[in-house]
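Colleague: Based on the provided sequences and hints, a complete structural model is requested.
Number of protein chains: 2
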Amino acid sequence: MTALKSWADTAPLLIDTAMGRRKADMVVRNGRWVNVHSGEIIPGTDVAITAGRFAYVGPDAAHTIGPATRVIDAAGRYLVPGLCDGHMHVESGMVTVTEFARAVIPHGTTTMFADPHEIANVLGLPGVRLMHDEAMGLPVNAFIQMPSCVPSAPGLENPGAELGPAEVQEAMGWPNIIGLGEMMNFPGVIAGDPKMLAEIAATQNAGKTVGGHYASPDLGHAFHAYAAGGPADDHEGTRREDAIARVRQGMRAMLRLGSAWYDVAAQIKAVTEDGLDSRNFILCTDDSHSGTLVNEGHMNRVVRHAIAQGLKPVTAIQMASLNTAQHFGLERELGSIAPGRRADMILTSNLVALPIEMVIARGKVLAENGRLTADIPAFAYPASARNSVNMKRDLTADDFAIAAPKGANEVTARVIGVIENQAPTKALEKRLKVASGLVDAGLESGVCQIALVERHRATGGVVNAFVSGFGYNVDCAVASTVAHDSHHMIVVGTNRSDMAMAANILRKAGGGAVVVSGGRQLALVELPIAGLMSDERAEIVARKAEALVQAMKDCGCTLNNAYMQHSLLALVVIPELRISDVGLVDVRSFEKVELFV
Amino acid sequence: MTALKSWADTAPLLIDTAMGRRKADMVVRNGRWVNVHSGEIIPGTDVAITAGRFAYVGPDAAHTIGPATRVIDAAGRYLVPGLCDGHMHVESGMVTVTEFARAVIPHGTTTMFADPHEIANVLGLPGVRLMHDEAMGLPVNAFIQMPSCVPSAPGLENPGAELGPAEVQEAMGWPNIIGLGEMMNFPGVIAGDPKMLAEIAATQNAGKTVGGHYASPDLGHAFHAYAAGGPADDHEGTRREDAIARVRQGMRAMLRLGSAWYDVAAQIKAVTEDGLDSRNFILCTDDSHSGTLVNEGHMNRVVRHAIAQGLKPVTAIQMASLNTAQHFGLERELGSIAPGRRADMILTSNLVALPIEMVIARGKVLAENGRLTADIPAFAYPASARNSVNMKRDLTADDFAIAAPKGANEVTARVIGVIENQAPTKALEKRLKVASGLVDAGLESGVCQIALVERHRATGGVVNAFVSGFGYNVDCAVASTVAHDSHHMIVVGTNRSDMAMAANILRKAGGGAVVVSGGRQLALVELPIAGLMSDERAEIVARKAEALVQAMKDCGCTLNNAYMQHSLLALVVIPELRISDVGLVDVRSFEKVELFV
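Residue numbers (the working numbering), protein chains in the order written: chain A, 1 to 597; chain B, 598 to 1194.
If you're looking for bench data, these hints aren't it; they were derived computationally from the structure.
Every value quoted in this text rests on a predicted model; they were computed, and no experiment measured them.
Each residue gets a CB set at the ideal place from its N, CA and C atoms; glycine is no exception.
Warning: the hint list may mix true and false statements.
Claimed, not checked - In silico PhoX-like pairs for lysine-lysine, Cα to Cα no more than 25 angstroms straight-line:
hint, chain 1, residue 1, chain 2, residue 2
1, A, 312, B, 866
2, A, 208, B, 602
3, B, 620, A, 195
4, B, 909, A, 312
5, B, 989, B, 1105
6, B, 866, B, 909
7, A, 592, A, 426
8, A, 208, A, 5
9, B, 1027, B, 1003
10, A, 23, B, 792
Claimed, not checked - Where chain B lies over chain A, by a calculated footprint (3+ residues, C-beta under 8 angstroms):
hint, region
11, 16-24
12, 186-192
13, 246-257
14, 333-342
Modeller: Encoded structure:
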């Protein structure tokens, strides 16, 4: 892959092409130009591309066509800028950056702003560098946001590595770092935590964009203080008033539609009903399952959804192109079909249904009619990125026993209440039965066990607690080494032996996700890279993940996006109740709490 | 003047203020927040300011008020971001940067993007540095664009200094350089001139904004090639289609209302009638007379005018605040009333008439009810910036004699035809009488003489030609060392002795502008700094300039902005016919032409 040259270095060729003195590499004729600068749709437009960049966009590029020019007849179809995902985590697809790109290119995504927060929690700065380097080799644009909060909740969890201001400063000098990844430690910012502010400062001083993450409904002083701290965007809003508040404070509202996030519909009303200036709204996915990527789409799905909410198509497309590019200081580099920009473009015959009929990136056709046509070689992850599941020993059923207070026949326990289609959990309290000194919720209670198994330093630690909402109604266990954000291992189950078996299977596989029932392995997704990512093709991972979800269903789980919900139960930055390697955490107060009330 | 600290360095104080842990320096209560991010006007807004930056903007800042906090009651007035002038030349006001700021602050301008192109033509890079340093000491924001075209028209003029890619690269490292000043050599860009492209590349590689200047009605291949060359904005458009073309190509349309430019009304229809996305439109002044500044206003005049053309007030204000800031990569630094930004704000009771009732910059009240209240010390220009009028000797009437071809009774001469209120001139041809071997247009012809007197290297050169449109109807001469862009001396007159006298007066004064009639000096504006700027107060300069214009009127000149038209007659980059130290220049073909046809 030849690296794309800068506009400055390409300008002589672009000028010559526009003047007809040099012939274009590719010309797309007779398209409807979706002009995200002017907000217009301009029929009868020709586009000439030279050296991977747009050289001429106007009514007639005949003068740029020579014998070697590849000419594509758009036949009146729309020319849409390649779509940008304003904030996302590649690891959520359980595939490598390369596989993620292979999966989303046919959907029209040509630019990603990826925060490798997950691998950072397992492998630290070297893990970030691996994904940074992998991203740079792609034929599409994948910029890396430097993870800001590793650990996400200092003192409340112990990930595999820690990052701080020194690492942020170092990373800001890397060629493909676009800014700071979501500043999740909003209580830290509000409290003036010098470490968090130093990371923000290092990013601002490098002239880069500080990503935000304010996961609280409180729009009072705390929110204002967070905005004053420097984060420039936020994708954690869920309500119309969240979007309005962010935009008013000079932040960009990132509206996400991920596999398990549905935050566009409510917030977009700030534009469609309240009439706010749409330039400060950006669409993103945040987290996408490989299954979503393979079966439903990526940013095309988000744009289509936004249009279905009443946005003008060109406005929705701006939110996934120019607006995003402007936010990251890249508006002269990508995000529109205009001279000098990277020649990233989609052809589609319908601006509402948005079928992605051709995808061009840096002037090369990469996909047609939903199929990847380009050959994109895999990235070789080193041994250091594998074998990351460090457990002291295999576990047994006893490791998951929860002793009741002496003499109790019943206990009142804190229970993590999963809410369908929402990231926050409820901090529930439930009366649970005791049998032989151990708490035994019983299948009929709707409450099952959850365990956090330490897997970074082989401490042998297992934290046990309770969770409700999954609906498991047979003996079973589900385990995963994807366990945001510190990515220990989460085991949820109704049977302690199955829980041990599930954990041990993942230990052996070097990470992944597994469903066990009655001593039988029902499904397994191997994730040998950092215990987070497969080295297989997205289609295969999607199929395995689908089998995993089916196995969860077979065990009684009816929850939408059940596996993602599972993997978020240790996310001790989103309220209300979570589990970590240090214990049960109330994320409203950021305090460890006891299991029994 | 204490330098403003960065947001990064101020963040701890801002956060503490927003939380109420630290009290604000200033709180403005109960305003109507003109929110340029959301496009809303939000009543009942309080603004807290700490260390020169906005710390809190919301419904109630009571918690930020302490005993030392200055509290200002906005009493329901509008809170408008300090206005930004997206492109301008300080020298056009014939005052120093400091004096310019003193003049425009009461009008609500708190940010200027100034291209010191004029002083660069006289003093070169040291001249740019002087204005750069002066600008940095101001209590408002004055960013400097590095002049790109010195000379403006290589080979067609010889200014006092030359700048090239090496100087551009050097200047990009200076702290207050925001980008490249208008790239006027559009034929060079289109032709792929390596020098012009190297200047653009140096700017792009520094991550800064390349200013454009495409002064041609041709929107065909040449325009597309110019856009492909890298300029990011253009303020030379005059027609609706000019603005549309620029925005479509991913450039920002800068619409100017200067003392002699009236380019907003036609172009703004692209927004008000064609419905183009307004975010890519920016208002600017380009050139303002000191008289305009003192008597009419500055950016407030432009915003008011834009509103009168049918723009929503908040949209017009965006074009003079957020849009401008975004264009220069400063949207997180200024251009809105939002946390972290420089606390630049206007209070006004009417968003249409836009009376500027209070001006706050960096958290200090600088002006009230049109009067500057802050003490802004003058900048001391060194001797090197003075005594820049280097003529070989005093001139005589004979230096202005234009000999006819031998034996001719009449000649057909090329005549520069001045057009009222427009920058372009007409290339006219006129039959002129001959007397005693010399061309003698005669007062009744409407044609008078123009001379370009070399003043940088004391070559003794005088180029004589003809001009029409001024209307002088008595014996007189008007001379000026402000003579865009190479700033030799332009003398226009009906009488050769008066022309010599005028030139000699300016030689003695070290530069300026003068009107002489029948051997009497009618008016003089001394401009001792580079022959371009006064060291007096704007009010005094305006009064002297007014007297100058009155003197021109007394000599029969009825032209609007007559002096500015005079000073543009050597501007060999704007069509059609101009004069320079090398001769008469046809700016349609960029060729020197003969005086007689």
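Colleague: With reference to the structure, classify each hint as holding or not holding.
Modeller: Verification of the hints:
no.	hint	result
1	A:312 to B:866	holds, 22 angstroms
2	A:208 to B:602	holds, 18 angstroms
3	B:620 to A:195	holds, 23 angstroms
4	B:909 to A:312	holds, 21 angstroms
5	B:989 to B:1105	holds, 12 angstroms
6	B:866 to B:909	holds, 13 angstroms
7	A:592 to A:426	holds, 15 angstroms
8	A:208 to A:5	holds, 21 angstroms
9	B:1027 to B:1003	holds, 18 angstroms
10	A:23 to B:792	holds, 23 angstroms
11	16-24	holds (count 5)
12	186-192	holds (count 3)
13	246-257	holds (count 4)
14	333-342	holds (count 5)
The structure is consistent with each of the numbered hints, conforming to all of them.
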